[in-house]
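Q: Chains as they are written, first to last, in our numbering: chain A, 1 to 156; chain B, 1 to 698.
These are calculated hints, taken from the structure and not from any lab test. Here a beta-carbon is modelled for each residue, glycine too, at the ideal position from N, C-alpha and C. A hint or two may mislead.
Using C-beta positions, here's what the derived DEER-type ranges look like [as the list claims (entries may be wrong)]: (1) A:Gly-32 <-> B:Val-454: 26 to 32 angstroms; (2) A:Asp-53 <-> B:Arg-571: 53 to 59 angstroms; (3) B:Arg-78 <-> A:Val-13: 40 to 46 angstroms; (4) B:Glu-135 <-> A:Arg-152: 55 to 61 angstroms; (5) B:Glu-135 <-> A:Gln-66: 39 to 45 angstroms; (6) B:Arg-78 <-> A:Arg-70: 32 to 38 angstroms; (7) A:Ser-155 <-> B:Gly-257: 21 to 27 angstroms; (8) A:Arg-152 <-> B:Arg-571: 29 to 35 angstroms; (9) B:Arg-254 <-> A:Glu-19: 53 to 59 angstroms; (10) A:Asp-15 <-> B:Leu-533: 35 to 41 angstroms; (11) B:Ser-119 <-> A:Asp-53: 31 to 37 angstroms; (12) A:Arg-70 <-> B:Leu-64: 29 to 35 angstroms; (13) B:Val-611 <-> A:Gln-66: 43 to 49 angstroms.
A few chain A residues that don't get close to chain B, going by computed Cβ distances all over 12 angstroms [said to hold, decoys possible]: (14) Gln-66; (15) Val-75; (16) Arg-135.
Sample of chain B residues lacking proximity to chain A, with all beta carbon distances greater than 10 angstroms (derived) [stated by the list, open to error]: (17) Glu-17; (18) Thr-23; (19) Ser-119; (20) Gly-265; (21) Val-307; (22) Asp-412; (23) Asp-623; (24) Ala-632; (25) Leu-696.
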Amino acid sequence: MRITTTVNGQQRVVDDVWEGESLLYVLRERMGLPGSKNACEQGECGSCTVYLDGVTACACLVAGGQAEGREVVTVEALADADGLHPVQEAFLECGAVQCGFCTPGLLVQTHDLLARTGRPSDPEIREALAGNLCRCTGYEKILDAVRLASERMASR
Amino acid sequence: MTAITTRAVGSSPTRIEGTAKVTGAARYSTEQDHLGDVAYLWPVPATIAKGRVEAVDSDAVAGLPGVLAVLTPDNAPRLETPDDAELAVLQDHEVSYRGQFVAAVVATSLETAREAAASLHITYAEVPHDSELTENHPKLSKPEKVNPAFPTDTEDGDVDAALAAAAVTVDATYRTPPVHNNPMEPHASLAVWLGHELTLYDSLQGAFAAQQALAKLFALPPASVHVINEHVGGGFGSKGTVRLGAVLAAMAAREVGRPVKVVLGRQHMFTVVGYRTPTIQRVRLGADADGQLTAIEHAAIEQTSTVLEFAEQTTVATRIMYAAGSRRTSHRLAALDVPTPRWMRAPGECPGMFALESAMDELAVATGVDPVEIRIRNEPDVEPESGKPFSSRNLVACLREGAERFGWAARDPRPGVRRDGRWLVGTGVAASTYPSYVGPSTASAAAEPGGGFVVRISAADIGTGARTVLTQIAADALRVRVEEVRVEIGDSSFGQAALAGGSMGTASWGWAVTRAGERLRAALDEHGGDGRLEVHVDTAEEVKARTGFAYHAFGAQYAEARVDLDTGEVRVPRLLGVFGVGRIVNPRTARSQLIGGMTMGLSMALHEEGVLDPAFGDYVNHDFAGYHVAAAADVADIDAVWVDEQDEHVNPLGVKGIGEIGIVGTAAAVANAVFHATGVRVRDLPIRLDKLLGGLPG
Ligand code: FES
Ligand code: FES
Chain A
1 MRITTTVNGQ
11 QRVVDDVWEG
21 ESLLYVLRER
31 MGLPGSKNAC
41 EQGECGSCTV
51 YLDGVTACAC
61 LVAGGQAEGR
71 EVVTVEALAD
81 ADGLHPVQEA
91 FLECGAVQCG
101 FCTPGLLVQT
111 HDLLARTGRP
121 SDPEIREALA
131 GNLCRCTGYE
141 KILDAVRLAS
151 ERMASR
Chain B
1 MTAITTRAVG
11 SSPTRIEGTA
21 KVTGAARYST
31 EQDHLGDVAY
41 LWPVPATIAK
51 GRVEAVDSDA
61 VAGLPGVLAV
71 LTPDNAPRLE
81 TPDDAELAVL
91 QDHEVSYRGQ
101 FVAAVVATSL
111 ETAREAAASL
121 HITYAEVPHD
131 SELTENHPKL
141 SKPEKVNPAF
151 PTDTEDGDVD
161 AALAAAAVTV
171 DATYRTPPVH
181 NNPMEPHASL
191 AVWLGHELTL
201 YDSLQGAFAA
211 QQALAKLFAL
221 PPASVHVINE
231 HVGGGFGSKG
241 TVRLGAVLAA
251 MAAREVGRPV
261 KVVLGRQHMF
271 TVVGYRTPTI
281 QRVRLGADAD
291 GQLTAIEHAA
301 IEQTSTVLEF
311 AEQTTVATRI
321 MYAAGSRRTS
331 HRLAALDVPT
341 PRWMRAPGEC
351 PGMFALESAM
361 DELAVATGVD
371 PVEIRIRNEP
381 DVEPESGKPF
391 SSRNLVACLR
401 EGAERFGWAA
411 RDPRPGVRRD
421 GRWLVGTGVA
431 ASTYPSYVGP
441 STASAAAEPG
451 GGFVVRISAA
461 DIGTGARTVL
471 TQIAADALRV
481 RVEEVRVEIG
491 DSSFGQAALA
501 GGSMGTASWG
511 WAVTRAGERL
521 RAALDEHGGD
531 GRLEVHVDTA
541 EEVKARTGFA
551 YHAFGAQYAE
561 ARVDLDTGEV
571 RVPRLLGVFG
581 VGRIVNPRTA
591 RSQLIGGMTM
601 GLSMALHEEG
611 VLDPAFGDYV
621 NHDFAGYHVA
631 AAADVADIDA
641 VWVDEQDEHV
651 NPLGVKGIGE
661 IGIVGTAAAV
671 ANAVFHATGV
681 RVRDLPIRLD
691 KLLGGLPG
């Protein structure tokens, strides 16, 4: 089937998509956007987190066809012409990135958290990120990064 | 170029590939552009635990649109005999464990390959299997050596006599379950053939060794195999050597005449790439009334598969930890019809130190000596087993520093008496250790025509920060700023280099990079530099000459545990690790790595357990829904610090590996804290609430 969808602000049309393919597969293998990662394919790890019509979703659990006519935003679009988003900067500075495989999903989830909750408390951060597994960092530096990003964004 | 005097080693530049990683631009192995018509392979796992594949009926799927090939034991291309028997994939009809790959489908899309793989009809001749490790298993035997080449058993002094004469003894059996590495990135391989030349993009901890292994398997000269591992999404040992996905990719790509991607599913990660063996460990300690050890015995029972013998070195840390008049260690192994266990972060030290450090806590309780003090009291002057001096050993300093920071002094030793609302509260301590290995490596350094320098080494950055720390090290050796140096890694064509394993990356690669930088600097100083100068170094001789000392890192871990009086739920609000790990090259990346190790140790303490179903012979909870790893909400206040440690013997940089020591001892610290909180001693991990309920004070 054909899917027409807006991805990172651009209209994309892909053909020959099998009905059972996930949005994650369509992004990674058909649109050349491998930023969103596949680490479990069952909604347990958050590595594939993207925005679908402004709401975060596990792209591995969304069928490609469900994105028809909708708007998808991935990690590839968090930075803009002015440079990195404060969330990306904070992850870099705080050493919250190791192997980087969980990072795209965590960035999108954090981006969303800070858009909804200006200055989240630690328990709110831990809860919001509890669906994003990271096997490398032990989360501490990720928490630091979220705190730093929230401070900077609040003071803008 | 400006010669400078400030050193980059010890500073904290941010991760060099960090921007690529936070923007989604970093390309992991299979994420390459412009490869033409890529095909996808999906493997078929065996649904029996032991027997033979009688027939694979592929007629129904071979004609499906998009299916390019069905590989079976009957038609798969023959390979040369590998050193690693797990790589002989589809080479015979034997099934040695449930989940072993017995066929594979290659198709133009992943979903087509999966669909076809699911509808392949496979007939088996099944025979009874035996998958359950027990203390008295009839198949237990003594392996020739334990990983990688340690003696299986050791004995020093008269343990039995010392135990019989001891004022205080501890005799306890500890169990650790199968634990699965689960790097977030599953093993992923992309193979591309150009004539007789193979390029493999793979998620591996060492490109050079993979190149050698594949060349052998496919009967090619090594120069015809090119392995690239630019970004690797974690490994923790499971990507230590080339794994079967790479072999399938290379095999299939040649068969179908297209590049082939093989990305394992999470479920496959529990069977075919290795895991930490379950262990049953008996520890016996004898001591005088003051807690001075007179005897240590540590006997481990573990499993391997029938495919190959992997004997984990579970008790080796016990050989070097404490002074004692007598000591005995042993390993017994049963080859069962189970997936092959391999390396997982600190194989040996991690489960072994859970047992030893739990037993030391039991000894502290039995003697009434403080758990910190009892470890200090048994500090050896030289490495107990070899009699060699330590190149450096700061366990006591770590214990003291940790006690100070953690507020240990005020601790009331009585278990089960502190309450905070509905929580029982306790604290625990355990020691950590990990060997400071080093491996020979080659590297090159060149002055670039346009200015600046390039250093090349076949290192792998599996998330450690290797690319960043090697740039710092190279800058110092060249006496320039880090901005002037580009370090290229992740490519087998850069020559032989140590693996990103055994916590030896920075020590081994850093040694070679230092020598390359120094030699280039000397050449430039002599000849003047206008570019095009290039030097190559090999540290094999120098590394071989490193002898005379015992090389290990040490640390102390402190934990606070809270246990819910009614539900038995365990929380760990505080974890502190203090480490003596030589010189720290980059505090930013180092701290994150140590904390990451400690968190994996916390995860092992409370959550992780591969549950084997003896009836089926497989790990039934083989996904992140059933196999729990610590999430952000499981961790609270956690920190890692280090003591100042100068070690001029360990290697020229004075560094010790930090990738593994963080996980060693954490589980014991947590278990000891849980005992202190509740009075319940949990000797089999993970510490789940069902093991506490019933023993909690009323
Ligand atoms: S890959 Fe989607 S949640 Fe894990
Ligand atoms: S950085 Fe490796 S999984 Fe999070």
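Q: Each hint: holds or not?
A: Structure-based check of each hint:
1. Hint check: Gly-32 (chain A) to Val-454 (chain B), Cβ distance near 29 angstroms, so the stated range 26 to 32 angstroms holds.
2. For Asp-53 (chain A) and Arg-571 (chain B), the Cβ-Cβ distance of about 37 angstroms falls outside the hinted range of 53 to 59 angstroms, so the restraint is violated.
3. Here the CB-CB span from Arg-78 (chain B) to Val-13 (chain A) is close to 45 angstroms, well matched to the stated 40 to 46 angstroms.
4. Restraint check, Glu-135 (chain B) to Arg-152 (chain A): a C-beta distance of roughly 57 angstroms satisfies the suggested window 55 to 61 angstroms.
5. For the pair Glu-135 (chain B) and Gln-66 (chain A), the beta carbons lie near 53 angstroms from each other, so the given range of 39 to 45 angstroms is not met.
6. In this structure the hint that Arg-78 (chain B) and Arg-70 (chain A) lie 32 to 38 angstroms apart at CB is violated, the actual value being about 50 angstroms.
7. Here the CB-CB span from Ser-155 (chain A) to Gly-257 (chain B) is close to 58 angstroms, at odds with the stated 21 to 27 angstroms.
8. For Arg-152 (chain A) and Arg-571 (chain B), the Cβ-Cβ distance of about 31 angstroms falls inside the hinted range of 29 to 35 angstroms, so the restraint holds.
9. Judged by the Cβ atoms, the range 53 to 59 angstroms given for Arg-254 (chain B) and Glu-19 (chain A) is violated: they are separated by roughly 32 angstroms.
10. Hint check: Asp-15 (chain A) to Leu-533 (chain B), Cβ distance near 53 angstroms, so the stated range 35 to 41 angstroms is violated.
11. Between Ser-119 (chain B) and Asp-53 (chain A) the beta carbon distance is about 36 angstroms. The supplied range of 31 to 37 angstroms therefore holds.
12. Checked against the hint of 29 to 35 angstroms, the pair Arg-70 (chain A) and Leu-64 (chain B) passes, with Cβ atoms roughly 31 angstroms apart.
13. About 34 angstroms separates the C-beta atoms of Val-611 (chain B) and Gln-66 (chain A), a value inconsistent with the hinted range of 43 to 49 angstroms.
14. For Gln-66 (chain A), the shortest C-beta to C-beta distance to chain B comes to about 16 angstroms, beyond the 12 angstroms cut-off, and the non-interface label holds.
15. At roughly 4 angstroms, the least C-beta separation between Val-75 (chain A) and chain B is not larger than 12 angstroms, which violates its mark as non-interface.
16. A beta-carbon of chain B comes within 12 angstroms of the beta-carbon of Arg-135 (chain A); the shortest separation is about 5 angstroms.
17. Against chain A, the non-interface label of Glu-17 (chain B) is violated: not every CB pair exceeds 10 angstroms, the least being about 8 angstroms.
18. Not every C-beta of chain A lies more than 10 angstroms from that of Thr-23 (chain B), the closest at about 5 angstroms, which undercuts listing it as non-interface.
19. The beta carbon of Ser-119 (chain B) is kept farther than 10 angstroms from every beta carbon of chain A, the shortest such distance being approximately 14 angstroms.
20. Look at Gly-265 (chain B): its CB is around 7 angstroms from the nearest CB on chain A, not clear of 10 angstroms, so calling it non-interface is violated.
21. No Cβ of chain A approaches the Cβ of Val-307 (chain B) within 10 angstroms, the least distance being about 26 angstroms, so the stated non-interface status holds.
22. For Asp-412 (chain B), the shortest C-beta to C-beta distance to chain A comes to about 29 angstroms, beyond the 10 angstroms cut-off, and the non-interface label holds.
23. The Cβ of Asp-623 (chain B) sits about 6 angstroms from the closest Cβ of chain A, inside the 10 angstroms cut-off, so the non-interface label is violated.
24. Chain A draws Ala-632 (chain B) into its interface by the beta-carbon criterion, the shortest separation being 4 angstroms against a cut-off of 10 angstroms.
25. No beta-carbon of chain A comes within 10 angstroms of the beta-carbon of Leu-696 (chain B); the shortest separation is about 25 angstroms.
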